[in-house]
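2 protein chains.
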Amino acid sequence: MGSMSPKITGELLRQLRQAMKNCKYFSEPIQAYIVPSGDAHQSEYIAPCDCRREFICGFNGSAGTAIVTEQYAAMWTDGRYFLQASQQMDNNWTLMKMGLKETPSQEDWLISVLPENSKVGVDPWIIAADQWKNMSKALASAGHSLVAVQDNLIDAVWTDRPKRPSTQLRTLGLEYTGLSWQDKITSLRAKMTERKISWFVATALDEIAWLFNLRGADIEYNPVFFAYTIVGMNTIRFFVDLKRLSDPILRDHLQLDSPSKPELSIQTFPYESVYTELQAICAALGPKDKVWICDKASCSLTQVIPKAQRTPIPYTPLCLAKAVKNASEIQGMKMAHIKDAVALCELFAWLEKEIPKGTVTEISAADKAEELRSQQKGFVGLSFPTISSVGPNGAIIHYRPLPETNRTLTMNEVYLIDSGAQYVDGTTDVTRTIHFGTPSAFEKECFTYVLKGHIAVSAAVFPNGTKGHLLDSFARAALWESGLDYLHGTGHGVGCFLNVHEGPCGISYKTFADEPLEAGMIVSDEPGYYEDGSFGIRLENVVLVVPAKPKYNYRNRGSLTFEPLTLVPIQVKMMNTEQLTQKERDWVNEYHRKCQEVVGAELERQGRKEALEWLVRETQPII
Amino acid sequence: MGSMSPKITGELLRQLRQAMKNCKYFSEPIQAYIVPSGDAHQSEYIAPCDCRREFICGFNGSAGTAIVTEQYAAMWTDGRYFLQASQQMDNNWTLMKMGLKETPSQEDWLISVLPENSKVGVDPWIIAADQWKNMSKALASAGHSLVAVQDNLIDAVWTDRPKRPSTQLRTLGLEYTGLSWQDKITSLRAKMTERKISWFVATALDEIAWLFNLRGADIEYNPVFFAYTIVGMNTIRFFVDLKRLSDPILRDHLQLDSPSKPELSIQTFPYESVYTELQAICAALGPKDKVWICDKASCSLTQVIPKAQRTPIPYTPLCLAKAVKNASEIQGMKMAHIKDAVALCELFAWLEKEIPKGTVTEISAADKAEELRSQQKGFVGLSFPTISSVGPNGAIIHYRPLPETNRTLTMNEVYLIDSGAQYVDGTTDVTRTIHFGTPSAFEKECFTYVLKGHIAVSAAVFPNGTKGHLLDSFARAALWESGLDYLHGTGHGVGCFLNVHEGPCGISYKTFADEPLEAGMIVSDEPGYYEDGSFGIRLENVVLVVPAKPKYNYRNRGSLTFEPLTLVPIQVKMMNTEQLTQKERDWVNEYHRKCQEVVGAELERQGRKEALEWLVRETQPII
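Heads up: the sequence lines are chains A and B, in that order. Heads up: the first sequence begins at 2 in the working numbering, then just goes up one per residue. Heads up: the second sequence begins at 2 in the working numbering, then just goes up one per residue.
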């Protein structure tokens, strides 16, 4: 999270306000400037060069929007970040606490402070098309207008702004991807033909990485690289820093020098030229040509496409295809999870030994987890910042240990670790909650409710075509019955050596727009319970959607269920086993049997005896 | 359902096409005319004078839209009605089977058959504002236009069209309503003030009936009457057939002759003058005045309000207030359900005796149910057409027995009866599935899954603020686990001596726009299972949302659960009690104990001995 002392922003704001009046950037001065989080690809995690909102206000949480007017500067963020934002921003800034009744929306606030007929500027590359539409409409209804400022005004005042990363690209062979990029292009084009679409504009970095079977390291935790792609029925345009394409292995992978077929020839262009190339494509569109673009793509690229020919879609065909893992990807994900389980078994065995010495902290435990993971074959890096939290810190859902919050692991408090890694064959994300001494009755009770919820989802059988949000309440029923709950969703899609959070599926009460679950999709199952000021509990497995074979098959729809890919023991000491039904006990025993069998064999192979002993001890059947 | 022989429509279509070219009705001829189901209030059930779609094509199901062009006539309906529609329409008509892949949408079909620059007419009173918007947009994108035809063209050719009903209005006292109409107006105005709204236009018939504590009988099964209301901060305009207002009791109830306060004085206007009055109100609006209208109100009334001042809402404040029943309404609903249970106990005791004689049919059983209900105090009529179905007919979800489908009740087939009544103190809706001989193992198995689903919803504890759709999967989990399901929602809101189906709450996987459940809301809980060609099972109780008191109270949110209002035994013979958990068995026993106690006392009081014996026998505890 970086520093907790406020950033001094007086001079920066003066310069930004100067730029807002500077006609070098636009024909007339603007009265307000919006600085959203995010990059031109609407990435969840962003590169340092794109941390513009952090640069201008000091707040570096993952979600927040800054707005600067001639007189005011305000920053909107949600409840996870109220404390952090108030510590990181100086008093030039007003913290706008989203979710509180008295907090105005950005639109309402702008309307209340702006002089009549104001112009509000925003970088059209950073704002998504759907957000632009809403903001623009609200401002127009009050006589103002939203204007696209092509040069980013933060960049104009950010003298030491880091360069856009351009890391080496890694090619992935068929043994990992299961499908060549050529075959992926062919199946994309088949979908375009089916829907009478002439062009598809890909802007999401994970979709482009998946399409070309390439990985980068431009953004921490996410093995992606900055690029755009435009696919037509006969052409493929690839926009990327051209310096990256000199590697002969890469050139060969992409068949840049000798394409197998003309329609699979990739034309390469500089990253920045996507706008002008898309303009050129649009200028040549026939009246019946339609262009697919995600409705969350940047306003800038979206608006290049004439409205009559633009077909915005909530999820692109690449997003949908990427979500359904093929046999090679599933195999890779399974391997990655076995290696990840080896590292975690070692971690927990080590913690058991070390904690009594009083020398292990949240940070050192997280470091140890990373060290152990890095010993596994094909380790690339972490898949997100490790949440390593003791006692009350565990109740902070998005906690990340900092020197000033760092607590020591003891025999007296619950320890929650939510962590994962990128391996060349797959991505992991696992949460375990462990007590190294004697848990309290209330901690065990809550843990047992969370476990019941976890099992209810993991063991659920449901018809083909069911959307994940319909399973969310299964994870909560046991907590609800006792008057408890958790205020986050139950699961998210997980990429295969890609982003640890991906669409279009998930398990959450919050959305209705998720796509139905399908065999081959991979999601997390992670209910929790958080007792503020005391402890946090979360149990997370990554699970694979697989066909189920129940007794009947109503209307031949077929049924689905989940297979856990994560194979790390769930601490029996934290369970009130008498609170479990026989079915739940059977589930726990079968899960632990599989952990012991599969991960035990790998621990044996790697000669990790202490971890193996720990595993065997922790996977004894319960009765 | 009426006749199953097709209506002869050649001459009618000739006349309608003549009217489509007749400039008496509009400046230019129209090339197509849309005839939706429904009336100017977007009612679910409609009066005979509004059955225009049935008149023009012969099909009289509850859902369907007819479109007539110069050359073609087509009618769209869903899977429930494919057979019926094909039997009721002659071959001037093409049946458009909605839900099948090959069936074009109305928009796509119109675009495919219309000459360029066509005008498509529709009665703007019958089409809802949101539907108009969608259709208009789709047609415009293909160069056509949707035009509002003020005079209904079906009425122009319907020479013997029935008159709009104008039944006697019934006033409801405080003992039933719990709240005077004056207090309802005051609380409506408080909500308007809170949201800075100057006017509210009420168009839904049940909302107007609820607001004024009046009931009518203009539409079968629904105790409503044709009216509009416009409420301002100081005025109340009531649009209704003025002949209805001569009754002195009614005049007194509405304080028409001596209003208690000027702002509670009701100005009465003819039903038809709502359009011109709303025009006059809108002409006098200040620039900051805002007008509330439901987004499902007619296009006609909606468009009178200038767009800048129109605030469309998915649910009106009356809809929301009406859904949360007060103590008097809850008391009334409880009384109505006890009386209803008396009638059903008598019915089932009678059926048990009569069925062996082989003389009871679906129709005669439904008639007997109505006869027994009509003996109860305060009976007004049925709340919907009784679904009385034997064996394979039970698998037809919206079945209604007709002479040509009428089956005899026997000891060999499952009997499903879904029925309800309007009493002056409340509305009922109950489904029981009964076998009078020996059910098959599969019938019992399915019944038990359905019962488990019913209990899972009824006994669920969930936090305040939970939307009903989050409970839907609870009703299906047991069925899903065996590969079974049912293709309808689990529950709907129920009015209090009002419509048996009402918003804004419900329990269904289909919608995300329902309002959160609140203590005092009343919904149905009705999972089912349908084995085509063989039998149907449904178990429906009306349940009241009540506060729950679980062990904990996370973030002081409070918890809710359901209390069954329906008190009719669930047939133990159909249950595999060993498939039930102890908790489920306890629920059944407690439910039956309450049936015996509460309904038993009333049967005793009414001296209905045979029914009482039946009740006692059917409510013995299970082990």
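There may be inaccurate statements among the hints.
Pairs involving identical chains hold if they fit within one copy or between any two copies, as the list cannot separate such chains.
[Stated by the list, open to error] Here are the simulated DSBU-like pairs of lysine-lysine, each with C-alpha atoms no more than 35 Å apart in a straight line:
1. 289 to 354
2. 335 to 25
3. 262 to 468
4. 297 to 595
5. 335 to 120
6. 354 to 550
7. 102 to 197
8. 25 to 584
9. 289 to 98
10. 289 to 22
11. 289 to 552
12. 511 to 550
13. 262 to 120
14. 291 to 610
15. 289 to 244
16. 185 to 584
17. 120 to 192
18. 164 to 134
19. 550 to 98
20. 192 to 22
21. 138 to 595
22. 550 to 22
23. 335 to 574
24. 197 to 120
Think of the hints as simulated: they come from the structure by calculation, not from any bench.
So, going through the hints one by one against the coordinates:
1. 289 to 354: The answer is neither: 69 Å in one copy and 71 Å across copies each exceed 35 Å.
2. 335 to 25: neither (55 Å within a copy, 73 Å between copies)
3. 262 to 468: Classified as neither: same-chain Cα gap 39 Å, cross-chain 54 Å, threshold 35 Å.
4. 297 to 595: Answer is neither; intra-copy 41 Å and inter-copy 55 Å both fail.
5. 335 to 120: neither (53 Å within a copy, 60 Å between copies)
6. 354 to 550: Result: close neither inside a copy nor across copies, 44 Å intra and 43 Å inter.
7. 102 to 197: Cα proximity of residue 102 and residue 197: across copies only (17 Å, versus 46 Å in one copy).
8. 25 to 584: neither (70 Å within a copy, 73 Å between copies)
9. 289 to 98: between (47 Å within a copy, 28 Å between copies)
10. 289 to 22: Between copies, since 32 Å is at most 35 Å while 42 Å is not.
11. 289 to 552: neither (49 Å within a copy, 63 Å between copies)
12. 511 to 550: both (30 Å within a copy, 26 Å between copies)
13. 262 to 120: neither (50 Å within a copy, 48 Å between copies)
14. 291 to 610: This pair counts as neither: shortest intra-copy Cα distance 61 Å, inter-copy 74 Å.
15. 289 to 244: Neither: 37 Å inside a copy, 58 Å across copies.
16. 185 to 584: neither (42 Å within a copy, 52 Å between copies)
17. 120 to 192: Between. Shortest inter-copy distance 34 Å satisfies the 35 Å Cα cut-off; intra-copy 41 Å does not.
18. 164 to 134: within (30 Å within a copy, 48 Å between copies)
19. 550 to 98: Answer is between: at 32 Å across copies they meet the 35 Å cutoff, but 48 Å inside does not.
20. 192 to 22: neither (47 Å within a copy, 43 Å between copies)
21. 138 to 595: Answer is neither; intra-copy 55 Å and inter-copy 56 Å both fail.
22. 550 to 22: Cα proximity of residue 550 and residue 22: none, with 67 Å in one copy and 60 Å across.
23. 335 to 574: Close inside one copy (27 Å), not across copies (48 Å); limit 35 Å.
24. 197 to 120: between (39 Å within a copy, 27 Å between copies)
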